[in-house]
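Asker: Residue-level listing of the chains:
2 protein chains.
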Amino acid sequence: MKNIYIIGVGLIGGSIAKDIRHLNPDLIIYGIDSNNAHLDEALTLKIIDAKATFTDLKNADAVIIAIPVDATVSILPNILDLVNEDTLVMEAGSTKAAICKAVENHPKRRNFLATHPIAGTEFSGPKAALEGLFQGKTNIICEVEKTAFKLQERALAIFQIMGMRIRYMNPEAHDKHIAYVSHLSHISAFMLGKTVIEKAKNECDIFDMAGSGFASTVRLAKSSPAMWTPIFKQNKTNVLETLDAYIQNLTNFKNHLESDNYEKIHDEMANTNYIKHILNGIQ
Amino acid sequence: MKNIYIIGVGLIGGSIAKDIRHLNPDLIIYGIDSNNAHLDEALTLKIIDAKATFTDLKNADAVIIAIPVDATVSILPNILDLVNEDTLVMEAGSTKAAICKAVENHPKRRNFLATHPIAGTEFSGPKAALEGLFQGKTNIICEVEKTAFKLQERALAIFQIMGMRIRYMNPEAHDKHIAYVSHLSHISAFMLGKTVIEKAKNECDIFDMAGSGFASTVRLAKSSPAMWTPIFKQNKTNVLETLDAYIQNLTNFKNHLESDNYEKIHDEMANTNYIKHILNGIQ
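Residue numbers (our numbering), protein chains in the order written: chain C, 1 to 283; chain P, 1001 to 1283.
I should point out that these hints are in silico values taken from the structure, not numbers from a laboratory.
Errors might be hidden in some of the hints.
[Unchecked claim] What follows is a set of in silico ranges between Cβ atoms, one per label pair, in the way DEER data are often shown:
| no. | chain 1 | residue 1 | chain 2 | residue 2 | range |
| --- | --- | --- | --- | --- | --- |
| 1 | P | G1136 | C | A157 | 44 to 50 angstroms |
| 2 | C | E172 | P | R1167 | 48 to 54 angstroms |
| 3 | P | N1035 | C | Q248 | 34 to 40 angstroms |
| 4 | P | S1259 | C | Q248 | 37 to 43 angstroms |
| 5 | C | A270 | P | L1130 | 32 to 38 angstroms |
| 6 | P | A1050 | C | I161 | 54 to 60 angstroms |
| 7 | C | E263 | P | K1101 | 22 to 28 angstroms |
| 8 | C | N261 | P | E1258 | 27 to 33 angstroms |
[To be verified] Derived BS3-like pairs: lysine-lysine, alpha-carbon spacing no greater than 27 angstroms straight-line:
| no. | chain 1 | residue 1 | chain 2 | residue 2 |
| --- | --- | --- | --- | --- |
| 9 | C | K264 | P | K1201 |
| 10 | P | K1276 | C | K199 |
| 11 | P | K1254 | P | K1201 |
[Unchecked claim] Far from chain P by the CB rule (all over 12 angstroms, computed), these chain C residues:
| no. | residue |
| --- | --- |
| 12 | M1 |
| 13 | K2 |
| 14 | H22 |
| 15 | V73 |
| 16 | V144 |
| 17 | L156 |
| 18 | T229 |
For glycine and all other residues, C-beta sits at the position ideal for the given N, C-alpha and C.
Kindly produce the complete structure, drawing on both the sequences and the hints.
Answerer: Following this line, the structure appears as structure tokens:
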């Protein structure tokens, strides 16, 4: 691998670029981004070595796409059209079914690998890129059997330098599960933030009283709407299922409180304390 | 101040004890706790210097109560009965109205100061006690005018050594505001944890996909049910109001998603991103 093209030099693309630089001292990392200011920033921060355009992709050994999932669905077929027979094309989107579907019949389907490196922060843009962001984190690979064997190997070399644990899953199972552990958490945080901000309009002291517990619970409400709107759109059915379950559990809790059933409220919390054992396994 | 009695040597009481040790080298910190194993642990960890019982409280210069809020309401009048005319009695509960009400006509009301040092972690017991936990955090003092002036001064010396910012508020305003920034966050996290655990019963891979975002949003679901059940009970009316608002916002979000109103979904998130500016002020 020599020429690597990162499409989207933000938090995820920029962090991947920082890690893969260690792959090979001769590596040249090119950046492509619809936001030219971000490209300049990535160049200044030495995240990329040079700016590039789509017509340069014919020279790529690997292309890594890290842009909103609706844009990925729309440009992924064109990117496969542009690359040569031996190029690995990967993307890092938080949904997998619509993206895999977009290229299922593409003549270069075997050049493509669908991945979801599960890591991030609530920040965005090239300045948010962090070396080591993916270390020890999980990377979900979908439909691995549809990717050419030698390109799978090229991808694994990249994930190894990033320090990721690999899990294989089909796109539908990915989207169903990730709705619970990631997409719902974001909506829960956004709506908590909204509820408190609405209240604070009339009660200006309210945020003086917010402590680290609130900060932690609402943290994901800082995330980028440009990135998250298309995720919720593409994963609509699964996200609606999680929202139904969450709203039902909140309503039940409210009903227990209304009817002074404190034994039940205690038990609901005690049973959920089990989450301790799960979180111990998450970095 | 020489003899300080901590009633409840867990996360909060233990952390206060660790800080106030720096007040004075001659200080003797006594511990009282209904859980004798916790008392032994606090002694071994040198959080307290000696165990004590309620009959010893006549010797106290200051008494600090850090136990579940229902237990505080029930024993606070007895504690005021037992202390001498010159003793400061404080408590650190997450609700204020019921506690202030419980002693409003007590002959020793002027010995009492109602406080809420807003800090904590999701852990509990003496082992969870941390020196410096309260540094830079907010402490809400209620009904300060009802406390004897020289005992106010004694309390402020303690808060100074803990490094706390003081805010004065009436108990009703405290309970109303804290329901939004603290109590609702806990329910939001507990019900998120419950929703995902219920799903995981049938889908065992789900937690393999959980990242740091989920861990942060659900963190408060590790909190102690014994502490939180009485908080929700005492602050029932305000907590129900926050739950209504939160469930309504989640339902509206769900409706926007069902009707494919992605512009609205984007705007809801963009408006809530304002939380960034608020969280910057929270340590």
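Asker: With reference to the structure, classify each hint as holding or not holding.
Answerer: Taking the hints in turn, this is what the structure says about them:
{"no.": "1", "hint": "P:G1136 x C:A157: 44 to 50 angstroms", "in the structure": "46 angstroms, holds"}
{"no.": "2", "hint": "C:E172 x P:R1167: 48 to 54 angstroms", "in the structure": "51 angstroms, holds"}
{"no.": "3", "hint": "P:N1035 x C:Q248: 34 to 40 angstroms", "in the structure": "36 angstroms, holds"}
{"no.": "4", "hint": "P:S1259 x C:Q248: 37 to 43 angstroms", "in the structure": "20 angstroms, violated"}
{"no.": "5", "hint": "C:A270 x P:L1130: 32 to 38 angstroms", "in the structure": "24 angstroms, violated"}
{"no.": "6", "hint": "P:A1050 x C:I161: 54 to 60 angstroms", "in the structure": "57 angstroms, holds"}
{"no.": "7", "hint": "C:E263 x P:K1101: 22 to 28 angstroms", "in the structure": "24 angstroms, holds"}
{"no.": "8", "hint": "C:N261 x P:E1258: 27 to 33 angstroms", "in the structure": "31 angstroms, holds"}
{"no.": "9", "hint": "C:K264 x P:K1201", "in the structure": "21 angstroms, holds"}
{"no.": "10", "hint": "P:K1276 x C:K199", "in the structure": "17 angstroms, holds"}
{"no.": "11", "hint": "P:K1254 x P:K1201", "in the structure": "24 angstroms, holds"}
{"no.": "12", "hint": "M1", "in the structure": "27 angstroms, holds"}
{"no.": "13", "hint": "K2", "in the structure": "32 angstroms, holds"}
{"no.": "14", "hint": "H22", "in the structure": "23 angstroms, holds"}
{"no.": "15", "hint": "V73", "in the structure": "14 angstroms, holds"}
{"no.": "16", "hint": "V144", "in the structure": "16 angstroms, holds"}
{"no.": "17", "hint": "L156", "in the structure": "18 angstroms, holds"}
{"no.": "18", "hint": "T229", "in the structure": "4 angstroms, violated"}
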